[in-house]
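Undergrad: So the protein sequences, as listed, match chains A and B.
Using our numbering, read the first sequence as starting at 8 and increasing by one per residue.
Using our numbering, read the second sequence as starting at 28 and increasing by one per residue.
These are computed hints drawn from the structure, not numbers from a lab.
Predicted, not measured: the structure shown is a model, and the values here were computed from it.
It cannot be assumed that every hint is accurate.
Said to hold, decoys possible - Negatives, chain A to chain B, calculated, CB over 12 Å:
| hint | residue |
| --- | --- |
| 1 | Glu-39 |
| 2 | Ile-43 |
| 3 | Leu-62 |
| 4 | Phe-66 |
| 5 | Glu-76 |
| 6 | Leu-114 |
| 7 | Asp-118 |
| 8 | Asp-125 |
| 9 | Leu-252 |
| 10 | Gly-255 |
| 11 | Leu-285 |
| 12 | Thr-330 |
| 13 | Pro-332 |
Claimed, not checked - Okay, derived cross-link-like pairs now, DMTMM-like style, lysine to aspartate or glutamate, Cα gap no bigger than 25 Å in a straight line:
| hint | chain 1 | residue 1 | chain 2 | residue 2 |
| --- | --- | --- | --- | --- |
| 14 | B | Lys-164 | B | Asp-139 |
| 15 | B | Lys-80 | A | Asp-45 |
| 16 | B | Lys-68 | A | Asp-45 |
| 17 | B | Lys-135 | B | Glu-115 |
| 18 | B | Lys-59 | A | Glu-241 |
| 19 | B | Lys-135 | B | Glu-81 |
| 20 | A | Lys-17 | A | Asp-125 |
| 21 | B | Lys-68 | B | Glu-81 |
| 22 | A | Lys-199 | A | Asp-297 |
| 23 | B | Lys-30 | A | Asp-341 |
| 24 | B | Lys-79 | A | Asp-192 |
| 25 | A | Lys-199 | A | Asp-288 |
| 26 | B | Lys-30 | A | Glu-196 |
| 27 | B | Lys-135 | B | Asp-161 |
| 28 | A | Lys-75 | A | Glu-241 |
| 29 | B | Lys-66 | A | Asp-45 |
| 30 | B | Lys-164 | B | Asp-180 |
| 31 | A | Lys-207 | A | Asp-192 |
| 32 | B | Lys-79 | B | Asp-180 |
| 33 | A | Lys-345 | B | Glu-96 |
| 34 | A | Lys-17 | A | Asp-192 |
| 35 | B | Lys-135 | B | Asp-97 |
Even glycine gets a Cβ: it sits at the ideal position worked out from N, Cα and C.
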Amino acid sequence: MIDVLIILIKIILALVWFLTLTLYLTWVERKESAVIQDRIGANRASILGLRVLGLFQPFADAIKMIFKEDFVPAFANKFLHTLAPFLSFFFVAITISAMPFGDTVRLAGRDISLQIFDANVALLFVLAMLSLAIYGIVLSGWSSRNRYTLLGGMRGAAQLISYEVALGLSLVGVILVFPSLRLQDIVYEQGKLLFGWLPKWGIFLQPLAFLIFLFAALAETKRVPFDLPEGESEIIGFFTEYGGLKWGMFMMTDFMEIIIISCLLTTLFFGGWQVPWLGADGFHFPWGWDWLLPRWLVIILQVAAFNFKVFFFCWFQVLVRWTYPRFRYDQVMDFGWKLLIPLSLFNIMATGLVMSVIR
Amino acid sequence: MIKLLGYFFEIIRGSWITCRHFVVNMWFYTLKVLGIRTKRKGAVTIQYPEEKKEIAPRHRSLHRMMTREDGRPRCVACLLCMTVCPSECIYIEAAEDLDPEVQKYPRKFIIDLSRCCFCGFCVEACPEDAIRMDTGKIEVAAYSREDLIYDLDRLCG
C-alpha cells in the first residue's frame, strides 16, 4: 500500500516538474531569442497590472489555445486525427519515468530511489518510446486528408528514422564504456574518477559519441536546423490542419523532447546527478582536501546539479535553434547517412579496440 | 573533408556570435536589475505606447490648414493640390469671396485619409502655403471610414 503511494507521489512530482519546465521553456524560448537578437521579448501579459518579466505569458498562451475552435478538416479520419497529438504527447511524456533525478534517499527506514521506473533496460525503453513518437507525426500527416501534410509526415518519418540509427549507434559506445543499460548504474559509474582526478563522465570517455548524439538528438527534436517536418513558415508540415489545443500538444511535445534530450545528455555524458568529487558523505578533492557534509545536503546538491545541467542543455538547444538556418532536405539525409552513421560505427570500433587493449 | 571541417568551424563561429550577444545583453539587463545605470542598453526596443520616438522635423504627418489673422483658411481654392494629388483624396468646392484681394475661398475642403498616401505633393504644390503636414500626429487610426474624412473644421482645428 505504502509502496503504491510512494510511486504515485513520485509520478506526480515528476510530472509537475516536467510540465512546469515545459510550460516555462516556451517563455525561455521567447526571452532567450529576444536577448540574442537585442530585443526585450514578450513582457505584456499581466495579472492586475503585474508583469514580472512576462512570466504569465505561458498562461495567456494556454488560455488562448484552450478557447480556440477544435477543428477537424472535412473528410479527415476524425478518430485518427484526434489520436495523433495524444500519441506523440504520451510517448514523450512517459520517458520521464526512466530519468534518475538523484541518489537513493533513506526516509523513515525505507530506501526511496529518486526515479519512477528503475528498469534494467531503461536506456532501450527511452529510445523505443522516442521512436514510437514517429507514429504521432505520420498519423497526423496522413489523417488530415491533405497532400501537403502527408508529404510533411513522410519527411518527418524519413528524417526521424534515419537519425534514430545514428542515435542508437552512438550510444553503443557509451554502453560499452559503462557496461549497463540501467540509467542509475550509468550514473553511479560516472561518479568514479579517471586517473585519480578527472570525473569519469561520458564526455571525457566518449567525446565523439557525444557529438554524434548531440546532432542526432537535435534532429530528433525536429527544431530549426532540422525542422523539415514542420517548416512553420515556408514548407507545409505535418500539423498544418491542427488548431487550438491539439496544435498546442504538438508544440508541447517539441518542448518536452528538448527536456528529455537534455536529461539524456546529462545522464549519459555529464554525470547525471553527480557533482564532481562529491561522494556519499561529502567532497573528497583530489588534492587531498575533505569536506564532509550531512547526507540530506548531499542529496539536495545532487538533485540541484541534475537540474542545473538539464537547464543548461535546454538553454543550449534554444541557442542552437536561434542561431542556424534550416538544412536542405538532401543535406539532412547526407549528414545523417553519410557522416553520422559511419562516424558512429567508427566510434564503436575504436571504443571496442581500446577497451580490449586496456583489458 | 577539409570543406566539411570548414563548415564545422563556421557552425562554431555562428553559435559564438549568438552566445556573445546573449551574454553581453544579459550583462546589461543584470546591471539594470541591480539599479546600475549604464549608457548602453541591453535591447534596442522602444516600448511604443509608453515611449515614443522623436519625430524628425521633415516627417510628413497629419495635414493641417493654415489660417489668416481673422481665422479664415488661407486657401484660395486654386485646385492645384486637388490636381496634383496622386491618390485623388482631396475634394474642394470653390466659392466667390467678397474680398477682391482673395476672390475665391473653399466652401468645402475634404481630405479622405483612407485614400491619402502621405506623399506631400499637396504641400509642395500649394502657392499660398495653406496646407502643411507638420502636426506630428501619426496616430490617426479610426474605427470607421467616416472618421477618416477630414473636413475644413477638423483641418483648421
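Undergrad: State for each hint whether it applies.
TA: We went through each hint and held it up to the structure:
1. In this structure A:Glu-39 is not separated from chain B by more than 12 Å, as the shortest Cβ-Cβ distance comes to only about 7 Å.
2. Remark: the non-interface label on A:Ile-43 conflicts with the geometry, its nearest Cβ contact in chain B lying 5 Å away (cut-off 12 Å).
3. Look at A:Leu-62: its CB is around 14 Å from the nearest CB on chain B, clear of 12 Å, so calling it non-interface holds up.
4. The claim that A:Phe-66 lies off the interface holds: its Cβ sits roughly 22 Å from the closest Cβ of chain B, which is beyond the 12 Å cut-off.
5. Every CB of chain B lies more than 12 Å from the CB of A:Glu-76, the least distance being 26 Å, so the non-interface label holds.
6. Against chain B, the non-interface label of A:Leu-114 holds: every CB pair exceeds 12 Å, the least being about 38 Å.
7. The non-interface label for A:Asp-118 is consistent with chain B: the shortest C-beta to C-beta separation is roughly 42 Å, beyond 12 Å.
8. Against chain B, the non-interface label of A:Asp-125 holds: every CB pair exceeds 12 Å, the least being about 36 Å.
9. At roughly 31 Å, the least C-beta separation between A:Leu-252 and chain B is larger than 12 Å, which holds for a residue marked as non-interface.
10. With 12 Å as the threshold on Cβ separation, the claim that A:Gly-255 sits away from chain B holds: the shortest Cβ distance comes to roughly 27 Å.
11. Separation of A:Leu-285 from chain B is adequate, the least Cβ-Cβ distance of about 28 Å exceeding the 12 Å criterion.
12. Not every C-beta of chain B lies more than 12 Å from that of A:Thr-330, the closest at about 4 Å, which undercuts listing it as non-interface.
13. Not every beta carbon of chain B lies more than 12 Å from that of A:Pro-332, the smallest distance being close to 9 Å; the non-interface claim is violated.
14. At roughly 16 Å between alpha-carbon atoms, B:Lys-164 and B:Asp-139 fall within 25 Å of each other, so this suggested pair holds.
15. Distance restraint check for B:Lys-80 and A:Asp-45: the Cα-Cα separation of roughly 18 Å lies within the 25 Å cut-off, and the hinted pair is therefore satisfied.
16. As the CA atoms of B:Lys-68 and A:Asp-45 are separated by approximately 9 Å, the hinted pair is consistent with the 25 Å bound.
17. For the hint linking B:Lys-135 to B:Glu-115, the alpha-carbon distance of about 15 Å falls within 25 Å, and the restraint holds.
18. Distance check on the hinted pair: B:Lys-59 and A:Glu-241 sit about 38 Å apart at the alpha-carbon level, beyond 25 Å; violated.
19. Only pairs whose Cα atoms come within 25 Å are accepted, and B:Lys-135 paired with B:Glu-81 is rejected, the gap being roughly 34 Å.
20. Under the criterion of a C-alpha separation no larger than 25 Å, the hint pairing A:Lys-17 with A:Asp-125 is consistent with the structure, at around 12 Å.
21. Proposed proximity of B:Lys-68 and B:Glu-81 is supported: the alpha carbons are some 18 Å apart, at most 25 Å.
22. Of the pairs offered as hints, the one joining A:Lys-199 and A:Asp-297 holds, with about 16 Å between alpha carbons and a cut-off of 25 Å not exceeded.
23. Simply put, B:Lys-30 and A:Asp-341 have alpha-carbon atoms about 14 Å apart, close enough for the 25 Å limit, and the pair holds.
24. With a CA separation close to 59 Å, the supplied pair B:Lys-79 and A:Asp-192 exceeds the 25 Å bound.
25. At most 25 Å may separate the alpha-carbon atoms for a hinted pair to count; A:Lys-199 and A:Asp-288 meet this at roughly 14 Å.
26. For a cut-off of 25 Å, the pair hint linking B:Lys-30 to A:Glu-196 is broken: about 38 Å separates their Cα positions.
27. A C-alpha spacing of about 22 Å is found between B:Lys-135 and B:Asp-161, which places the hinted pair at or below 25 Å, so the restraint holds.
28. A distance of roughly 24 Å separates the Cα atoms of A:Lys-75 and A:Glu-241; the hinted pair therefore holds under the 25 Å criterion.
29. Straight-line distance between C-alpha atoms of B:Lys-66 and A:Asp-45 comes to about 15 Å, which keeps the hinted pair within the 25 Å bound.
30. A C-alpha spacing of about 17 Å is found between B:Lys-164 and B:Asp-180, which places the hinted pair at or below 25 Å, so the restraint holds.
31. A C-alpha spacing of about 13 Å is found between A:Lys-207 and A:Asp-192, which places the hinted pair at or below 25 Å, so the restraint holds.
32. As the CA atoms of B:Lys-79 and B:Asp-180 are separated by approximately 28 Å, the hinted pair breaks the 25 Å bound.
33. Using a Cα cut-off of 25 Å, the hinted pair A:Lys-345 and B:Glu-96 is violated, with the two alpha carbons roughly 84 Å apart.
34. Between A:Lys-17 and A:Asp-192, the direct Cα distance comes to roughly 20 Å. Compliance with the 25 Å bound is thereby established for this hinted pair.
35. Annotation: proposed proximity of B:Lys-135 to B:Asp-97 holds, straight-line Cα distance about 18 Å (limit 25 Å).
Hint check: violations occur at hints 1, 2, 12, 13, 18, 19, 24, 26, 32 and 33; the rest are consistent with the structure.
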